[in-house]
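Chemist: First to last, the sequence lines map onto chains A and B. Counting in full-length UniProt numbering, the first sequence tops out at residue 105, every number present. Counting in full-length UniProt numbering, the second sequence tops out at residue 894, every number present.
To be clear, the hints were calculated from the coordinates, so they are not data collected in a lab. A few of these clues could be false.
Listed next, the stretches of chain A that the computed footprint assigns to chain B, with coverage defined by at least 3 CB atoms under 8 Å from CB atoms of chain B [claimed, not checked]: (1) 25–36; (2) 42–52; (3) 67–76.
So the derived list for chain A, only partly shown, Cβ under 8 Å to chain B, looks like this [said to hold, decoys possible]: (4) Ala58; (5) Ile59; (6) Ser60; (7) Thr61; (8) Ser62; (9) Ala64; (10) Gly79; (11) Gly80; (12) Ala83; (13) Met86.
Every residue, glycine too, gets a C-beta built ideally from N, C-alpha and C.
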Amino acid sequence: MSEHDPVFDAPNSSGRLFLERRGYRQRRIIDAARILPIVGLLLWLVPLIWPDVGEDGAISTSQATLYVFAIWIALIGVGGFLAWRMSPSEDVSGDETEQSQGAER
Amino acid sequence: MNLLIFVSLGYVMVLFIVAFAAERAAQAGRGKWLRSPMIYTLSLSIYCTAWTFYGAVGFAVRSGLEFVTIYLGPSLVMFGWWWTLRKLVRIGRTQRITSIADLISARFGKSNLLAVGLTLLAVAGTTPYIALQLQSVTQSYAVFARASQGGTGEINQTVTALWIAVGLAFFTILFGTRKLDVNERHDGVVMAIAVEAVVKLVALLAVGVFVVWGISGGIAPMLEKIDASEIGAWEVSGGRWAGLTFLSAAAFICLPRMFHVMVVESDDERHLRTASWAFPAYLMLMSLFVLPIAVTGLDLLPKGSNPDMFVLTVPLSQGQNGLAMLSFLGGFSSATSMVIVATIALSTMVSNHIVMPIWLSITGGGVSVSGDVRYVVLLARRLSIGAIVMLAYFYFQLSGGGSALAAMGLVSFVGVAQALPVMIGGIFWRGATRIGALCGLGIGFAIWTYALFLPSLGNGLVLSDTLLSNGPWGLAWLAPQALFGIKGLDPILHCLFWSMLFNSAAFVLVSLCTFPAPMERLQGAQFVNVFQQAQPRRGWSRGAAQSEDLMIMSQRILGARDAQALFEKEARRQGVQGILPDPSPEFLDVLERKLSGSVGAATAHAMIGQIAGGASVSVDDLLAVADETAQIMEYSSKLEAQSFELTRTAEQLRHVNEKLTQLSVQKDGFISQISHELRTPMTSIRAFSEILRDSDDMAATDKARYAGIIHSETLRLTRLLDDLLDLAVLEAGRVSLNLSQKSLSEVIESAVSSAGITSDTDLVVTQKGSGRDIVLTTDVDRLSQVFINVISNARKYCTADIPTLLIKAFEENGRVTVDFIDNGSGIAADMRSVIFEKFSRVGETQAGGAGLGLAICREIMHRLDGEISYLPGQGGGAFRVRFPAELEKIQQDV
Numbered sequence: 001m002s003e004h005d006p007v008f009d010a011p012n013s014s015g016r017l018f019l020e021r022r023g024y025r026q027r028r029i030i031d032a033a034r035i036l037p038i039v040g041l042l043l044w045l046v047p048l049i050w051p052d053v054g055e056d057g058a059i060s061t062s063q064a065t066l067y068v069f070a071i072w073i074a075l076i077g078v079g080g081f082l083a084w085r086m087s088p089s090e091d092v093s094g095d096e097t098e099q100s101q102g103a104e105r
Numbered sequence: 001m002n003l004l005i006f007v008s009l010g011y012v013m014v015l016f017i018v019a020f021a022a023e024r025a026a027q028a029g030r031g032k033w034l035r036s037p038m039i040y041t042l043s044l045s046i047y048c049t050a051w052t053f054y055g056a057v058g059f060a061v062r063s064g065l066e067f068v069t070i071y072l073g074p075s076l077v078m079f080g081w082w083w084t085l086r087k088l089v090r091i092g093r094t095q096r097i098t099s100i101a102d103l104i105s106a107r108f109g110k111s112n113l114l115a116v117g118l119t120l121l122a123v124a125g126t127t128p129y130i131a132l133q134l135q136s137v138t139q140s141y142a143v144f145a146r147a148s149q150g151g152t153g154e155i156n157q158t159v160t161a162l163w164i165a166v167g168l169a170f171f172t173i174l175f176g177t178r179k180l181d182v183n184e185r186h187d188g189v190v191m192a193i194a195v196e197a198v199v200k201l202v203a204l205l206a207v208g209v210f211v212v213w214g215i216s217g218g219i220a221p222m223l224e225k226i227d228a229s230e231i232g233a234w235e236v237s238g239g240r241w242a243g244l245t246f247l248s249a250a251a252f253i254c255l256p257r258m259f260h261v262m263v264v265e266s267d268d269e270r271h272l273r274t275a276s277w278a279f280p281a282y283l284m285l286m287s288l289f290v291l292p293i294a295v296t297g298l299d300l301l302p303k304g305s306n307p308d309m310f311v312l313t314v315p316l317s318q319g320q321n322g323l324a325m326l327s328f329l330g331g332f333s334s335a336t337s338m339v340i341v342a343t344i345a346l347s348t349m350v351s352n353h354i355v356m357p358i359w360l361s362i363t364g365g366g367v368s369v370s371g372d373v374r375y376v377v378l379l380a381r382r383l384s385i386g387a388i389v390m391l392a393y394f395y396f397q398l399s400g401g402g403s404a405l406a407a408m409g410l411v412s413f414v415g416v417a418q419a420l421p422v423m424i425g426g427i428f429w430r431g432a433t434r435i436g437a438l439c440g441l442g443i444g445f446a447i448w449t450y451a452l453f454l455p456s457l458g459n460g461l462v463l464s465d466t467l468l469s470n471g472p473w474g475l476a477w478l479a480p481q482a483l484f485g486i487k488g489l490d491p492i493l494h495c496l497f498w499s500m501l502f503n504s505a506a507f508v509l510v511s512l513c514t515f516p517a518p519m520e521r522l523q524g525a526q527f528v529n530v531f532q533q534a535q536p537r538r539g540w541s542r543g544a545a546q547s548e549d550l551m552i553m554s555q556r557i558l559g560a561r562d563a564q565a566l567f568e569k570e571a572r573r574q575g576v577q578g579i580l581p582d583p584s585p586e587f588l589d590v591l592e593r594k595l596s597g598s599v600g601a602a603t604a605h606a607m608i609g610q611i612a613g614g615a616s617v618s619v620d621d622l623l624a625v626a627d628e629t630a631q632i633m634e635y636s637s638k639l640e641a642q643s644f645e646l647t648r649t650a651e652q653l654r655h656v657n658e659k660l661t662q663l664s665v666q667k668d669g670f671i672s673q674i675s676h677e678l679r680t681p682m683t684s685i686r687a688f689s690e691i692l693r694d695s696d697d698m699a700a701t702d703k704a705r706y707a708g709i710i711h712s713e714t715l716r717l718t719r720l721l722d723d724l725l726d727l728a729v730l731e732a733g734r735v736s737l738n739l740s741q742k743s744l745s746e747v748i749e750s751a752v753s754s755a756g757i758t759s760d761t762d763l764v765v766t767q768k769g770s771g772r773d774i775v776l777t778t779d780v781d782r783l784s785q786v787f788i789n790v791i792s793n794a795r796k797y798c799t800a801d802i803p804t805l806l807i808k809a810f811e812e813n814g815r816v817t818v819d820f821i822d823n824g825s826g827i828a829a830d831m832r833s834v835i836f837e838k839f840s841r842v843g844e845t846q847a848g849g850a851g852l853g854l855a856i857c858r859e860i861m862h863r864l865d866g867e868i869s870y871l872p873g874q875g876g877g878a879f880r881v882r883f884p885a886e887l888e889k890i891q892q893d894v
C-alpha cells in the first residue's frame, strides 16, 4: 500500500515508539483485511478450472461442497480474527490511504 | 388449516409486541442494546428472503451447487468491507443519505432527474421481488392446506395473497412511517427483522439437522447420497459460476432494502467490522443444509413435486408437522422482513424523489407558507407503501405465480445491479459526471428491460414470439436474448454482460467527455474524499435567505419543537441573541443536511433554494470561495511573515541593548581611563616643573633630564588630545580629504615602515595578492593611517611565539580589499562587536593607547566610502579593509 511507514516517521522518544509500533501493526491488519476478499475470490474461482463431468478426475458434488465450505469457514475465521484485532480507532489510520484518490483527475 | 392461520397470526402478534417494546425502549433511552453489532448483522439478513429460504433448494435441485454463488458474492462484499462498505456507510452518515437514489442524486449535484430515474429502476426491480415473496408465502400456505385436508381442499390463492399483502402493508405503515427523519433508526422494525432473522435461521437449520441426522443417518451417508443423486457430479458452467457470484455481490450493495439496512439504518460504523465476519457466517449457515434438503427431497418425494417447496414438503412427508410448521414460519419471516424493509426503502425514495418535488412545484413558492408538511411526507410514504405492495400483488396476479422463484429473483438482481457502476464510480472517481451517470443508467436500464425483464414475463405477453426469436423488424442481431448474434447464452448472463458493459462504458465515456457543474464538483469532492473531512462544505452563498422563512419551512418538516431547538442551537453557536440565527452559508448547510434526512437531498436542496434564492452555487460563488481561501492563506502567510519580522526585530533590539549596555560600561571605563591618561602626564609634568622651579642648585644633566620628561609627557598629552580631536572631526564629518595617486604597494610599504616594522623587529610581514600594483586615487595619508593602526595593533597584540602578519590585497569591481591576518589568538567573539567603538580596548592592560585607534580607522574608512571589519575564522586576528580604488570627487564634497 502506498501509505508511509509510521515507525520511521515517529519522533525518537521511547513512549512514542511503542504507540507507533502498535500503529504499524494496525496498518498491517488493515492490509490483511483488504487482501482477504481478493484471496477469497481467487479461491472460489478455482472451480472454474475443475474438469468437466466424464473427464479424468471429475469432481463430485460432495467434494465441491466441502471445498467451498472449508474456504468459507476459513475466511470467516480470519475475518473474525482481524475484526477482533483491529483497534476501535482504526479510522485515523485509514485516512491518508484515501488521499491517493483525492486528486481531481 | 385453522391452526396454521392461528400460528401465523400469533407470530405476527409476537412481532408487533417485539417492535413496540423496542420502540418504547428506544424512546425511553434504554435502547442501547438495540444498537449492538449483532442486531446490525441480523438486520442484514433480509438479504435472505423467501426466495433464499425456499428457492435455494429449488435452485440446487435444478443446478446443483451453483445455488451457493448467491451467497458467495455477498460474503465477498462483506469480507471486503474496508474497500467499499466502510466508505458508503461514512458517506451515508455524513451526508444524511436516505436511500440509494438519494446517494446517487446527491453525489451528482443533487440531481432530481437521476433520483427519479433510480427510483423507477428500484421500483421496477423490486416489485417482482415482492411479488415473489407473496407467491412463496401463498404457495407454502397452499402446501399446508393440501397436506392437512388430504390433498383435496384447494385454497383460493388470490385471496390468500391479498390478505398477506394487506397485512404486510399495515405492519410496514405502522412501524416504518412513525418517524420522519430516516436517520433516526426504525428501532421497532430493525428489532423485528432481527427476530425474524433468528427464526428463519433456526427453522432452516432444524430442517437440515432433521434431514441429515434424522433421515440420512449422519454426515458421511449424506455425502454419499449427494454424490449418488442426479446432481452428484460437478456440472456447473464457469460463466454462470463467476457471473452469478458477481451479480449477487453487485445486488447486495445496490438492492434498495440492503442499502437501507446497511447504510441508512446504520448507527455506528464499527458495527460493520463485526458484520464483516458474522454476516458471512450467517450466510454460510443458511446455505449449509440446502444441498442435503434438495437431495433428500429428490429421493423421498414423487417426481414432479415442486422443488421450491422441499423445505416444507420433506418434513410433512415424514409426518413431522411441528417441524414443518417451524419451517413455514421461517419462510413466512423471510418474506415479511424483506417486504417490510423493501417497501420502507422504496416508499422513502418515492416520497422524497417523486411526490415531494411534484408537490413542491404544484404549491409553487409555497415553501414558506406555514402549516405542517410532515403530514404530506408521511402520507406520501404511507400511500407509496400501499401502492408498492399492491403493485406487487398485481404483478403476482399477472404473472400467475407460474415461473420458478429463483429465475425471478435473478431478473430482479440484474435490474438493481445497473446502479453499481454509477455508485462505485461516484464514490471513487471525482471525474464522474451527472450526464455520464444518466447515460450509463439509461442504457443499462433499457437493455435490462428489453433483454431480460420483458422476456421474463413470459412468451407472447409483451414481446411476441417472432420478435423474441427473430428480433424487431427482422433484425436478428437485435433479438432480445441474442444481442449481436451471440446465441445460446444463458439469458441472465447474456443480459448481465451486455447491460453492464454498455452501462459502464457509457458512464465512463460520457463522464470523460462532459464537464461537471459546480455543484457536482463540490459534491464529488465531498464524496470521494469523505475520509479527509478537510474541506468545509460550502453549498450556499450568503444571499437573500430570511431566517424567518427558513424557520417557517423547517417547522413544517421537522416539527415546531425540533426546528426551534435546531435554530436556537445554531443561534447560540453564532452568538446571536434570540432564536433566529444569521442565515449564514454554514447554517444553511446544517439546515439542508438536517432536512435531507427527512425528505432527501434533492428535495431539501430545492426547498432551501426556493428561500435562499435560485441556484445555490454558481461558478462565481465557487470562485469567491476559492478567493476567500486564497485570501485566508495570504493573510496567514502575511501573519507568519510579520511574526518572523517581529522575531527578527526583537533579536536586533536585544543585540542593540547588549551593545548599549557594553558601551555604557565602556564609557564609564573610558572616563576613568581618560582621566587617568590625562592625569598621569599632568602629574609628572607638575611634579618635575615644581622641582625645576624650587631647586636652584641642580645639575645641568638632571635639569635636562627633567625637562626631557616634561617634554615627552606633553607630547603624549598632545597625541591623546590630537586623537580625540581627530575622532571628533571625523565623526562630525568635517574632515577634508586630500586626494592623491599612489600605488597600493607603496602605501602598504610606507605604512609598514611607519609602524616601526623593520627586518629586526619581531613581526614578520608577508605580502600576497594581485591587487598590490593597483594605483589608488584616494586620501592616501588617511588610508595609510588606517594601515599603520592595524599593523601596529598586530604588533602590539599578536601573542604568537613567532608573530607573523599576512597582508593580502585584491581588487574586485573597482573595490580594493586588503586583509591583515596575524597568527595570534584573535579577538574573542563577545568583543568583536565593540572593538570599533570609541574607548574600547581589548584586554585591560597591555601597551598604551586610549582605545581610539580602531574607532578612528572606522571613521576614516567611512569617509573614504569604504569599511573596516573584523574577519573571523582566519586562525588569528584578522581585519578586512575595503574601499574604492578611485574615490569619486563628489564624495569629498559631501
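Chemist: State for each hint whether it applies.
Modeler: So, going through the hints one by one against the coordinates:
1. 25–36: Contact hint for the stretch 25–36 of chain A vs chain B: holds, 4 residues under 8 Å.
2. 42–52: holds (count 6)
3. 67–76: It holds: at least three residues are needed, and the stretch 67–76 of chain A offers 6 whose Cβ sits within less than 8 Å of chain B.
4. Ala58: holds, 6 Å
5. Ile59: holds, 4 Å
6. Ser60: The hint holds - Ser60(A) has a Cβ within 8 Å of chain B, the shortest such distance being about 5 Å.
7. Thr61: holds, 5 Å
8. Ser62: holds, 4 Å
9. Ala64: holds, 5 Å
10. Gly79: holds, 4 Å
11. Gly80: holds, 4 Å
12. Ala83: Interface hint status for Ala83(A): holds (4 Å vs cutoff 8 Å).
13. Met86: holds, 6 Å
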